[in-house]
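Asks: Single-letter residue listing:
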Amino acid sequence: MKLERCQDVFALLSQYLDHELPADLCDQIEAHIADCPPCVAFLESLRKTVELCRKLQAGGVPAAARDEHRRALQEAYQRFLREHGGCSDSSNS
Amino acid sequence: MDPARSDAALVEDLIAGRPGAFEEFVELYWPKLFQYSYLMCGQREDAEEVTQETLLKVFEKLDQLREPERFKAWVFRIARNACYMKRRKSVFAPVQELSLDELMPVTQEDGDQRRLEIADWSSLPEDIALQSELRERLEAAIQSLPEIYRAVLILRDIEGLSTQETAEVLDITEDAVKTRLHRARLAVRSYLDEYLRTAGART
Ligand SMILES: [Zn+2]
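In the order they appear, the protein sequences are chains A and B. The opening position of the first sequence corresponds to residue 1384 in our numbering, with each subsequent residue numbered one higher. The opening position of the second sequence corresponds to residue 2 in our numbering, with each subsequent residue numbered one higher.
Be aware that one or more of the hints could be misleading.
BS3-like, lysine-lysine: derived pairs with alpha carbons at most 30 angstroms apart [to be verified]: (1) A:Lys-1431 x B:Lys-33; (2) B:Lys-62 x B:Lys-33; (3) B:Lys-33 x B:Lys-87; (4) B:Lys-33 x A:Lys-1438; (5) B:Lys-87 x B:Lys-58; (6) B:Lys-87 x B:Lys-62; (7) A:Lys-1438 x B:Lys-179; (8) B:Lys-179 x B:Lys-33; (9) A:Lys-1438 x B:Lys-58; (10) A:Lys-1438 x B:Lys-87; (11) A:Lys-1431 x B:Lys-179; (12) B:Lys-58 x B:Lys-33; (13) B:Lys-179 x B:Lys-87.
Coverage of chain B stretches by chain A, computed from C-beta distances (three or more under 8 angstroms per stretch; other residues unrestricted) [claimed, not checked]: (14) 22-32; (15) 56-65; (16) 185-191.
These are computed hints drawn from the structure, not numbers from a lab. The C-beta atom is built at its ideal place from N, Cα and C for all residues, glycine as well.
Hey, can you work out the whole structure from these sequences and the hints?
Replies: Next comes the structure, spelled out in structure tokens:
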């Protein structure tokens, strides 16, 4: 595969950011962007997009489950332990 | 610490009933699952329900977990199914494809210069938590993605699953994960680019 146009580079930039490309394609991309400001600007905007997604706390995520939810979960967990749990490890605690 | 290893260790503690494991698990997974469900379903109330249903299912089926090192993918698979069940009651959107050509930026030849029409991204704040308008825009961009792309982007870029784990959760190939992720990112990128241009014009 030979990368000749910016469009060829654009198509591979997510895999480039994720380190999922074979070395020869990586080298070709780096050679291309070294000399191509539009591709650099585009790559940076894509990198920033991914970074923002990674930092997103969507919906103002609540810090924890509400009490009534937690109680129901605790019960489900106790049921699991009674039926399947390896109580041997925790019996002495 | 290797996160996959710590997940496996946590689930072993959970199965063994070690003290503190339950609290640690709920504290770690509640916010993750809430965020996932919220972005998939779009409603806080639905997201809370889906999160709770998912965690109840986890305890119900924990004895069937065969590979603790794949715990995260296993949990998100349950969450995915809970989301589908929830949405079956509402509208079911037909599959939409994002076309790569439409998402690619246009470069123009200007003499011997190549130019790209792009917003000034350097003005974006580093800390999205401090910027609620930007956060809302990003959420809206993600929620506007057709579902098959949204599902991949949320698992990979927001929940931090690997390509392989994401493929497992969604029952698709790793190549499909990569293709869809790229298109999803491009779509979100162009949405934010648009936002930055209009925001830039306002100030
Ligand atoms: Zn270029």
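Asks: Could you tell me which of the hints above the structure violates, numbers in ascending order?
Replies: none
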